[in-house]
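Engineer: In case you want the letters, here they are:
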Amino acid sequence: MIEFEEVSYGYGGTGPLLSDINLKLAPGSFHFLTGPSGAGKTTLIKLCYGALVPTQGRAVLFDQDVRQMSRDDIAETRRKVGVVHQDVQFLDHLTLAENVALPLTVSGRATEMQDLGDLLGWVGLTGQVEARPPELSGGERQRAALARAVIMSPEVILADEPTGNVDWDMSQRLLKLLIELNRMGKTVLIATHDMNLIRAAKAQVQARVLRISDHRVQLAGADL
Amino acid sequence: MNRFLAPILALLSVDTQADRVVPPTGFTARLTVFASGAMAFLAVFALALSLATGRLAEQWSDALAQSATIRVAAPEGQVDQQVLAVMEILQTTPGVADARVLTDDEQRALLEPWFGPDLPVETLPIPRLIEIIEDGDGFDPEGLRQRLAGEAPGAILDDHSRWREPLVRAAGRLRLLGGVSIALIALTTAAMITLAANAALAANDQVIHVLRLVGARDRYIAGAFVRRFTLRAFAGAAIGMLAGLLAILLLPSADVGGGFLTGLGFRGWHWLLPLLIPPLAAIVAFLATRQAANTTLRELT
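Those sequence lines, one after another, are chains C and H.
So in full-length UniProt numbering, spot 142 of the first sequence is number 142, and the numbers just go up one at a time.
So in full-length UniProt numbering, spot 161 of the second sequence is number 161, and the numbers just go up one at a time.
Bear in mind the hints are in silico, worked out from the structure with no lab data behind them.
Please read all numbers here as calculations on a predicted model, not as lab measurements.
Every residue gets a Cβ at the ideal spot worked out from N, C-alpha and C, and that includes glycine.
Hints may contain errors.
Among the chain C residues that face chain H by a calculated CB cut under 8 Å, a handful are [what the hints assert, rightly or not]: (1) R78; (2) L91; (3) V106; (4) R109; (5) M113.
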């Protein structure tokens, strides 16, 4: 599904931020990615959906080497990967419902209003359908981003610090939704430095924890 | 052909959803409509100027092409004899419809602007002038010159070619100048729209980022901008063209005394030519915005 072989990435000028990364996200797996700020968690997430191309090594997304992919191929890949970033970005001139349905709009698919209503109900945003993004709270924006990430029924969900701007209760609520998605068979990768969140998740789901340390990804576990 | 038509047909098909994903940006919208309108207004005048000057030069050229003059300058006492000889030659020359000797009054009128009204033409050794009106095909000037040289050596044929050639050349140059002006207007429109499109793309950097994140193809993103700018350019050019036509309609009507300035305008089917300006402006905007969008999207990670 997503596989890295000896992948390195650097932004130029300095040495590589990530070095010799070997990673395989199997279908239906649940991973946490942790490490200190600036370790390269967001960079690794971006490599996972083709926003960045490795400076060395081989990244395979859905059986295609990312270097061989055209821009259209990468766009197509992003429809199979739902992404939630910490700084959730919406189109402020559209309503919440239009923002959530945006992946369907850009792929030319019709929006089933019943399905959209169900999805907004699942993330608890039924009352904010017509609201504009600036009118939403941090937690509501994160839940809306999650709804947008899953509306295309992607095979992989990538969440980059999804609970970074919300309180503990909202973190638990988001985690519950992500675990539900994993139980539906989706592959989930969450980048976070919140150890409490990881511990809470491990109590509910079988999750592997990957730690970025010294530019490399290592399997963590015993210390959690 | 299909490769060229396909994007235009796709452009014309209304996609309100795609249009909505890019927020309306007031500044670039106004700049595009204004630039297209102003350029279309100028294009109407460049077109009118080109057509009018070409028409006027052709009229002068045609008028001179249908006539010629023979100047008879002979020693005193031989003038009338040579004039008669020339008239006999002209009567048997194919291509000459009519020929007549200018009267003293007519010659005095021709010289009046330089010498005043009291010139004693009859007492001065002024050559006699014979006006020739040609028929449809005209005469052979070289053949006539040879006959005149043999039978009336004091007669010199002036077929106006030395006057006509510069006018024909001027007509060509003026048409070229009109074409160059219209091309410059098109290039300026393209440059202005490229600037406006780049400004809109830069202002919507965040929108492009979000659209890419959710799987939008570059073609889809570029299309939303291209469609918007093309329609704005078309609307602006249509307004500018109508204003230009109205301004030309309000010019004083052509009359003999008005000369060149009152002849500025369109005649007959030429009134339809400005209708091409809005579609051409739309094509220019389409190409300029598509180029700008593709370049920007290629550069964005």
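Engineer: If a hint holds in the structure, say so; if it does not, say that too.
Structural biologist: Now the hints, each set against the structure:
1. Hint status for C/R78 relative to chain H: holds, with the closest Cβ pair at about 4 Å, below 8 Å.
2. Given hint, C/L91 at the interface with chain H, holds; its Cβ is 6 Å from that chain's nearest Cβ, closer than 8 Å.
3. Because the smallest distance between the Cβ of C/V106 and any Cβ of chain H comes to about 4 Å, under 8 Å, the interface hint for this residue holds.
4. Against a cut-off of 8 Å between C-beta atoms, the interface hint on C/R109 is violated, since the closest Cβ of chain H lies about 10 Å away.
5. About 14 Å separates the beta-carbon of C/M113 from the nearest beta-carbon of chain H, more than 8 Å, and the hint is not met.
Comparing the model with each numbered hint stated earlier shows that hints 4, 5 do not hold.
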